[in-house]
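Asker: The primary structure of each chain is shown beneath.
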Amino acid sequence: MTGAVATNETILVVGGGISGVTAALEVAECGKDVVLVEKNPSLGGRVSQLYKYFPKLCFPTCGMEINLRRIRANKRLRVLTMAEVDKVEGRPGDYTVTIRLSPRYVNENCTACGACAEVVGTEIDNPFNYNLSKMKAVYLPFNMAYPQRYVIDPSIIGTPEADKAKAACKYDAIDLGMKEQTMTLKVGAIVWATGWRPYDAAKIQPYGYDRYDNVVTSVEFERMMDPFGPTAGKLLRPSDGKEAKHVAFIQCAGSRDRNHLTHCSRICCMASLKQSTYVNEQFGDQAESTIYYIDIRAIDRLEDFYQKVLANPTVKFVKSKVANITEDRDSGDVILHGVDTEGYHRYDNRHDLCVLAIGMEPSVDARGIPGGVHADASGFIEADAANGAIFGAGCATNALDVNRAVQSATAASLRAIQVINKVSGAEV
Amino acid sequence: MSELNKVMVEKYRNDFLKEVEANVEEGNWVKMCMQCGVCSGSCPFGPYWEHPPQELFMMIRAGKREEVLASESMWMCTSCYNCIVRCPRELPITHIMHGLANYAHRLGIAPKMNPTRRFAKLFWENIIKGGRVNELKLSIGLYFMDGFSNGVKKGLEMLPVGLGMFKTGRLNPFGLLSGGKCKGAGDIHKMLKKAKEIENRRKGFAP
Chain H
9 MTGAVATNET ILVVGGGISG VTAALEVAEC GKDVVLVEKN PSLGGRVSQL
59 YKYFPKLCFP TCGMEINLRR IRANKRLRVL TMAEVDKVEG RPGDYTVTIR
109 LSPRYVNENC TACGACAEVV GTEIDNPFNY NLSKMKAVYL PFNMAYPQRY
159 VIDPSIIGTP EADKAKAACK YDAIDLGMKE QTMTLKVGAI VWATGWRPYD
209 AAKIQPYGYD RYDNVVTSVE FERMMDPFGP TAGKLLRPSD GKEAKHVAFI
259 QCAGSRDRNH LTHCSRICCM ASLKQSTYVN EQFGDQAEST IYYIDIRAID
309 RLEDFYQKVL ANPTVKFVKS KVANITEDRD SGDVILHGVD TEGYHRYDNR
359 HDLCVLAIGM EPSVDARGIP GGVHADASGF IEADAANGAI FGAGCATNAL
409 DVNRAVQSAT AASLRAIQVI NKVSGAEV
Chain L
2 MSELNKVMVE KYRNDFLKEV EANVEEGNWV KMCMQCGVCS GSCPFGPYWE
52 HPPQELFMMI RAGKREEVLA SESMWMCTSC YNCIVRCPRE LPITHIMHGL
102 ANYAHRLGIA PKMNPTRRFA KLFWENIIKG GRVNELKLSI GLYFMDGFSN
152 GVKKGLEMLP VGLGMFKTGR LNPFGLLSGG KCKGAGDIHK MLKKAKEIEN
202 RRKGFAP
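So the sequence lines, in the order shown, correspond to chains H and L. Following this note's numbering, the numbering of the first sequence begins with 9 at its first residue and continues without gaps. Following this note's numbering, the numbering of the second sequence begins with 2 at its first residue and continues without gaps.
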């Protein structure tokens, strides 16, 4: 794969999440050459870790399947996984990019038969499940991973475990001698779509994410609903595996807060409204969700979804930012303390599980992006003429939901195409 | 109604928020409150306040002048700073509480019998007299704040503590007579007088 040929008419897309995949496909389907670079062993990004989308409550696996089919069908698109951009030099229409490829220890011969994983005993944290579960140190990142190829965790390289895996492979797909490689590419324009990561919940000290088992983040809650997730699709709370019927959702956990992220993360209101439907999905009328909020930000057509949840008698809304959380040691229940704004009533409410609607921060701070781009105060990429032909897309530019991230990616790919057309002289 | 209070009512008429912004320490922050309620929920004295800070801010914006300034609530603040640390908009809530209390006191409409106000007065009068706190006079003044018999009762209650302090040299019984002034107390009085003049001028209070 290091032989990937690129010219200054090629577009580089950095990040293989929903925005990067969209941008790469849009560009490739317009007849331009694209190299898509992804840091992880598989494409898909955070969207592939969601159980359902709002507002339609459909499954992201469906869109993922369509996108993968488009990728496989397109000859102009090359995908590099386990690859990171180290350096960007040059100017619009003529960039030289240095890419570092981490060793996967598994080559193209892999058929994803899984024989290697069967013989290996070592287990490591599973990042796809936000480390809520363990997986074998030889693994397929998730069922729909692309490429469908196993990965060997570097921690077992040089141990007998790695040799066992190699011996189990019938296809000569394991190459334990793989080394980190560096390659340089010539590209004309760059779409930067490195996405977001959840804010570190442990930093919100009064909520005790690091102290209480039954305080989880919204992204972890998504994984609990997945049939292949850490609880096999059941809403079981981490402390004792009890069914979590009484669920509290805390909005603006880390967002709109000068002690944490100053921006509004935009997706969290809708995410919690959506997740309240999960509780009903599991427990019907026995479900009891409480959403603690400052104000609900469901804009445009998403307001309809909010109205539907408002009408649901099993969902309660408390207008208040929770002051702090304590734990009842005997039962493991979490107790939320605060004062509500509608009447100033003091409350100490007991719940089985508390979900922090965690804020979104850029996974790569725009101030540190190679090549240099304009960054806003939160570290998102800001569109600026000085960025040259490096265009931000998706959550690297702002806190966006999937719908808006895809729109942003399409817009970025159009700008990249304009640069390439200028280079090739196709522009009139 | 004090003269100053009349002036302020006339000056700001229907806009109490503006009055607070102009006259209360850190009062210009009040409009920044987004009513999330973290301050009220974080206050260790929360259950004992009639109006928690978040509600006071809303009352200011709603123009409830009398209710706010005559309230005992802001006098409850113990300066633990929990609210300031947690406020998502970094409002200096503790300072605003003290600012409100101080302003109400200046206008002469703070609750007369509020113990915090009375102790603060006692402390202030004590410290400015000699430029140094006379602890013996302060504590005796505090005991007798609620009448003679109460004072005797409290004094007897605290007697063992007082004797212990005396034995270890932490309490000088002659403090009652000596006054314990620092050197140049007269200069301190001059400085305080000047500071008050400057403050009055800056805040537009009558001298």
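Simulated from the structure, these hints should not be mistaken for lab results. C-beta atoms are modelled at their ideal positions from N, C-alpha and C, and glycine is treated no differently. Mixed in with the good hints there might be a few duds.
[To be verified] Here are the simulated distance ranges between beta carbons:
(1) H/PRO321 - L/ALA23: 46 to 54 angstroms
(2) L/CYS81 - H/ASP384: 28 to 36 angstroms
(3) H/GLN156 - L/PRO93: 24 to 32 angstroms
(4) H/ASP356 - L/VAL153: 35 to 43 angstroms
(5) L/GLU4 - H/ASP384: 19 to 27 angstroms
(6) L/ARG90 - H/ASP356: 18 to 26 angstroms
(7) H/ARG358 - L/PRO93: 31 to 39 angstroms
(8) H/GLN294 - L/GLY109: 56 to 64 angstroms
(9) H/GLU311 - L/LYS19: 32 to 40 angstroms
[Claimed, not checked] In silico DSS-like pairs for lysine-lysine, Cα to Cα no more than 27 angstroms straight-line:
(10) L/LYS195 - H/LYS327
(11) L/LYS138 - L/LYS155
(12) L/LYS65 - H/LYS327
(13) L/LYS204 - L/LYS32
(14) L/LYS12 - L/LYS155
(15) L/LYS113 - L/LYS7
[Claimed, not checked] To be clear about the criterion: a stretch of chain L counts as covered by chain H if any three or more of its residues have a C-beta under 8 angstroms from a C-beta of chain H, and this derived list gives those stretches:
(16) 50–64
(17) 99–110
Asker: Confirm or reject each hint.
Answerer: Structure-based check of all given hints:
In this structure, H/PRO321 and L/ALA23 meet the distance hint of 46 to 54 angstroms, their C-beta atoms being roughly 48 angstroms apart. Between L/CYS81 and H/ASP384, the C-beta spacing of about 35 angstroms keeps the proposed range 28 to 36 angstroms intact. Range check, H/GLN156 to L/PRO93: about 57 angstroms between beta-carbon atoms, so the 24 to 32 angstroms window is missed. Separation of H/ASP356 from L/VAL153 is about 42 angstroms and conforms to the stated range, judged on CB atoms against 35 to 43 angstroms.
Judged by the Cβ atoms, the range 19 to 27 angstroms given for L/GLU4 and H/ASP384 is violated: they are separated by roughly 52 angstroms. Taking 18 to 26 angstroms as the suggested C-beta distance range, the pair L/ARG90 and H/ASP356 conforms, at roughly 25 angstroms. Checked against the hint of 31 to 39 angstroms, the C-beta distance between H/ARG358 and L/PRO93 comes to roughly 33 angstroms, which is consistent with it. The hint said 56 to 64 angstroms for the Cβ distance between H/GLN294 and L/GLY109, and at roughly 59 angstroms that hint holds.
In this structure, H/GLU311 and L/LYS19 meet the distance hint of 32 to 40 angstroms, their C-beta atoms being roughly 35 angstroms apart. For a cut-off of 27 angstroms, the pair hint linking L/LYS195 to H/LYS327 is broken: about 48 angstroms separates their Cα positions. Between L/LYS138 and L/LYS155 the CA atoms are separated by roughly 14 angstroms; this keeps the pair inside 27 angstroms, and the hint holds. Between L/LYS65 and H/LYS327 the CA atoms are separated by roughly 23 angstroms; this keeps the pair inside 27 angstroms, and the hint holds.
Pair hint L/LYS204 plus L/LYS32 holds up; C-alpha atoms about 20 angstroms apart against a cutoff of 27 angstroms. With a C-alpha separation of about 46 angstroms, the suggested pairing of L/LYS12 with L/LYS155 is violated against the 27 angstroms cut-off. For a cut-off of 27 angstroms, the pair hint linking L/LYS113 to L/LYS7 stands: about 18 angstroms separates their Cα positions. With a threshold of 8 angstroms between beta carbons, the proposed coverage of the segment 50–64 of chain L by chain H holds, since 4 of its residues qualify and at least three are required.
A stretch counts as covered by a chain when three or more of its residues have a beta carbon under 8 angstroms from one of that chain; for the segment 99–110 of chain L and chain H the count is 0, and the coverage is violated.
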